[in-house]
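Colleague: Protein chains in written order, with the numbering used here: chain A, 1081 to 1367; chain B, 767 to 1071; chain C, 3 to 273.
Because the hints were derived from the structure by calculation, they are not lab data.
Hints are supplied without guarantee of correctness; some may be wrong.
As the list claims (entries may be wrong) - The calculated lysine-lysine pairs, modelled on DSSO-like cross-linking and capped at a C-alpha distance of 27 Å, are: (1) A:Lys1089 - B:Lys976; (2) A:Lys1185 - C:Lys98; (3) B:Lys1069 - C:Lys98; (4) B:Lys820 - B:Lys835; (5) C:Lys98 - C:Lys115; (6) A:Lys1097 - B:Lys1069; (7) A:Lys1087 - B:Lys972; (8) A:Lys1097 - B:Lys976; (9) C:Lys147 - C:Lys132; (10) C:Lys115 - C:Lys140; (11) C:Lys115 - B:Lys785; (12) B:Lys971 - B:Lys879; (13) B:Lys976 - A:Lys1087; (14) B:Lys972 - A:Lys1097; (15) B:Lys820 - A:Lys1185; (16) B:Lys966 - A:Lys1097; (17) C:Lys160 - C:Lys214; (18) B:Lys1069 - C:Lys147; (19) C:Lys81 - C:Lys98; (20) B:Lys783 - C:Lys147; (21) C:Lys98 - C:Lys160; (22) C:Lys214 - B:Lys783; (23) A:Lys1087 - B:Lys835; (24) C:Lys87 - C:Lys216; (25) C:Lys206 - C:Lys216; (26) A:Lys1089 - B:Lys971; (27) B:Lys783 - B:Lys878; (28) B:Lys785 - C:Lys160; (29) A:Lys1087 - B:Lys878; (30) C:Lys26 - C:Lys87; (31) C:Lys115 - C:Lys132; (32) B:Lys976 - B:Lys1069; (33) B:Lys783 - C:Lys160.
Claimed, not checked - Covered stretches of chain A, going by a simulated chain C footprint (3 or more residues, C-beta under 8 Å): (34) 1129-1135; (35) 1308-1322.
For each residue, glycine too, the CB sits at the ideal point set by N, CA and C.
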Amino acid sequence: MAYNRFKNKYVEEVVAKVLMIAATVALFVFASSIIYTIIANGWNAMSWEMISQLPGGGFYIGKEGGLLNAIVGSMYIVGAATILGLIVSIPVVFYLNVYLNPNSKLGYAARLCFDVLFGIPSIVYGAFAFTIMIYLGAKASLLGGIIVVTLLIIPIFIRSMDEVARSFPRAIVDAAVSLGATKWETIRVVVRQIMPGIATATLLSIGRAIGDAAAVMLTAGYTDSIPTSLSQPAATLPLAVFFQLQSPIPQVQERAYGAALVLTIIVLIISILGRIITNRFSKHRIK
Amino acid sequence: MSQQQLQYKTSPYRLLKEKVASTTMLILTLSALLLVVLIAVGLVIKSMPILEEKSLVDLVFGSSWKPMKGEFGFLPFIAGTISVTLVAIVLALPISLLTAIFLTEYSKDWVKKAVFPVLDILAGIPSVIYGLWGVLIIVPWISEKLAPKFVEFSTGYSVLAGGVVLGVMVLPLMVSLFVEIFSSTPAELRQASQSLGATKWQTTKKVMLKHTRAGIFASVMLSISRAMGETIAVLMVCGNIAQMPESLLDGAYPLPALLANNFGEMMSVPIYESALMFAALILFVVVVIFNILSRIILHRLQKNS
Amino acid sequence: MDIIKQGMFRPNQKFCTNANADAKIEVQDLNVNIGTNHILKDVNLTIHNQAITCIIGPSGCGKSTLLRSFNRLLEDTAKTKITGKVIVDGDDIYEKGCEITHVRRKMGLLSQKPCPLPMSIFDNISYGCKIHGIRGKKKLAMVVKHYLEAAGLWNEVKDRLHTPANRMSLGQQQRLCLARGLAVEPQFILADESTSALDPISSKIIEDLFVKLKAEYGIVMVTHTLRQALRIADYVVFMYMGEVIEQGTAEEVFKNPQHELTQKYLSGAFS
């Protein structure tokens, strides 16, 4: 029987391939549509004033001012949460991978828990933190925002670092302990080895932390000024987008677009940085 | 010579450090377990008042939401959550599945190099940006282009808009989960099928998809649980009307949106606060169950392979 | 080589656990269970200082397990149950209260595959010294130079001490690992088929190093290749199915094996 290229299975093959390419192209279309929309709308609203000034009087009815409060507020929250998150999660990852056996029950339970924590919606974190704050008599504040965002990103940190650490060659730990190091003292070696993992995890977490709106809405509040202490409320970029978009006044909506552009640029920079840093840190890695 | 030799001992300071470090790390690890329990307990305690007043069935299946009159029926919100999530998954599943198959089975390396950064970017874009995109692009498109063909009028703020935005949001997650699953299937499986004369697509359809179906199922569950908790983006585009959505073009009011919109303000009414906490509890329980199930399935698969 | 004078391998003179020339490892009734497998059965043997002891036997006979029990690396990996005694220099290392890091420092391990730490060449060697409290740039530089020379590596790497260790060739990496182990001044060197991953020339270099080093250290070597054992062993331990079948000086075991299994193994009947 001669080769028949119109036989069903070949037709199917072509159709499937076309569909697959279409799906992949759709990804690009979505990504570029989103970025284009944000840039096209935000471009007009962008000015130096926008990112260097606090909201002035009458800002919300269209008078002058900028977004500095939200930019600085986001920086504070994200910076502090990232540092706290690293401090907590590096030891946990180290413990899971070096102290515990690969098939330890505690390790399994803890990993499952971090997966669950990772899956809990940020609004639930927010609601939980909010009630705790009410209970403690605290008001929406920078501190509240930092704590809830830290809780939010710790599972991300741990999960993505753990993924790298699990493929970590155990022989390296063995090599270090056979020199007489205690397990704790091997942390330097382990951290070096999983550095690319730590770097990507950090950027991933920053990205998630800076974009989170639901949890900080309930815990950090919103304000027009830059917070000077941990107990004051703080503004954040996503909320600057969210609140200003609800305004009926076009100029204020413009500012929402501007804030969205700033946020998008930051996120894109983080994403690019991620690639560069990952490549740089892999210098000492043992394959 | 032996007189000048020092007998070396590990310094007690180092041993103490080891002890302190390992205990601290154990406590940190255990506190993760504790946090899950703490959140659960906190939410349950807080939603006790409303559970004492109404029966669980009334709450979940009641469709009248008039907090000021003391009527708390969560059905509209639950229906809103389910419908938006369902639309999102229905849209995202074929796209992500096809993309993942394309990336693992068909494409050349340069395609992967181009697609993965795009996935990174999509995954990194904050939800408020997705929401804004929905407001600026999807909502007008629905109200101007799509809706007039079916109904007389729609604002565009609808289940469909929420579903589309949410669908795009979960795409990167789903694609990367699928890619991981596909690329962990053994090459022999493919070769065996192809050496029997099957085309690539036949192999994919009959062997790969069958082999990975548990993994796909688990990934979809994971994505559903992620989609259900998404707040701001959905809140911005789905209309927030406390009603049972009857068509894709009706507005909806998912649970997370309910929480976000009402939390700070209504805290003065204890029963209302309790109702909101109950909403959070529903979300928490569903998400936790979905997560645990899918993780266990994925873990099993990993162990077997 | 002048470098092999008494004490020359230990410029720190800090730990010098090898002061006692007739220190030895004595294994008494050692039993090791991993999971449900009984890996080592009633092992009794003596390992002498300042000599090379080769542990030979077919694969899976527990050679590596035995070696790893000498520096208590076993208990880290899986569910292991260990009974019996391993007496190093008069102290039972499995006794409660025995300090594990101290034991491991005394027993330098050279693993099968070279395993440099993920840092520069210099840091690889100074790592262990720093852990054991040697400070000061000058001193560390001196130590690093000394041990790289001892491992015959100095001339090859002196211009790139601060480049990542994983860029060296496998043979160089293995010598680096040896130098790293020596830098914490152990008493014994445990070599776990340390030449099996290397090319013939590199393994020859390592072998030669061992022969020099035995003036200062007790070397325990697990090996798969009989010829290697023939070349360098002073003492030989033959193991089969987790049991020590025969042990003695190389001459005794190779020339005049007592046990039937040993004879068969040596004649190449199985491996």
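Colleague: Now look at each hint and say whether the structure bears it out.
Modeller: Going through the hints against the structure:
1. A:Lys1089 - B:Lys976: holds, 18 Å
2. A:Lys1185 - C:Lys98: holds, 26 Å
3. B:Lys1069 - C:Lys98: violated, 36 Å
4. B:Lys820 - B:Lys835: holds, 14 Å
5. C:Lys98 - C:Lys115: Status violated; Cα separation ~32 Å.
6. A:Lys1097 - B:Lys1069: violated, 32 Å
7. A:Lys1087 - B:Lys972: holds, 18 Å
8. A:Lys1097 - B:Lys976: holds, 19 Å
9. C:Lys147 - C:Lys132: holds, 15 Å
10. C:Lys115 - C:Lys140: Measuring from Cα to Cα gives roughly 31 Å; hence the hint is violated.
11. C:Lys115 - B:Lys785: violated, 31 Å
12. B:Lys971 - B:Lys879: Distance ~25 Å between lysine 971 of chain B and lysine 879 of chain B Cα, so the pair holds.
13. B:Lys976 - A:Lys1087: OK: lysine 976 of chain B and lysine 1087 of chain A at ~24 Å, within 27 Å.
14. B:Lys972 - A:Lys1097: Given that 27 Å is the threshold and the Cα spacing comes to 16 Å, the pair holds.
15. B:Lys820 - A:Lys1185: violated, 40 Å
16. B:Lys966 - A:Lys1097: Satisfied, since the Cα-Cα distance of roughly 10 Å is no more than 27 Å.
17. C:Lys160 - C:Lys214: Holds: lysine 160 of chain C and lysine 214 of chain C sit about 22 Å apart, inside 27 Å.
18. B:Lys1069 - C:Lys147: violated, 47 Å
19. C:Lys81 - C:Lys98: holds, 18 Å
20. B:Lys783 - C:Lys147: Judged against 27 Å, a Cα distance of about 31 Å means the pair is violated.
21. C:Lys98 - C:Lys160: violated, 44 Å
22. C:Lys214 - B:Lys783: Distance ~38 Å between lysine 214 of chain C and lysine 783 of chain B Cα, so the pair is violated.
23. A:Lys1087 - B:Lys835: violated, 67 Å
24. C:Lys87 - C:Lys216: Holds - the C-alpha atoms of lysine 216 of chain C and lysine 87 of chain C are around 25 Å apart, at most 27 Å.
25. C:Lys206 - C:Lys216: holds, 16 Å
26. A:Lys1089 - B:Lys971: holds, 12 Å
27. B:Lys783 - B:Lys878: Outside the cut-off at roughly 46 Å; violated.
28. B:Lys785 - C:Lys160: violated, 39 Å
29. A:Lys1087 - B:Lys878: Distance of about 30 Å is beyond 27 Å: violated.
30. C:Lys26 - C:Lys87: Cα-Cα ~13 Å, so holds.
31. C:Lys115 - C:Lys132: Status holds; Cα separation ~24 Å.
32. B:Lys976 - B:Lys1069: holds, 18 Å
33. B:Lys783 - C:Lys160: violated, 35 Å
34. 1129-1135: violated (count 0)
35. 1308-1322: Violated: only 0 residues of the segment 1308-1322 of chain A have a Cβ under 8 Å from chain C.
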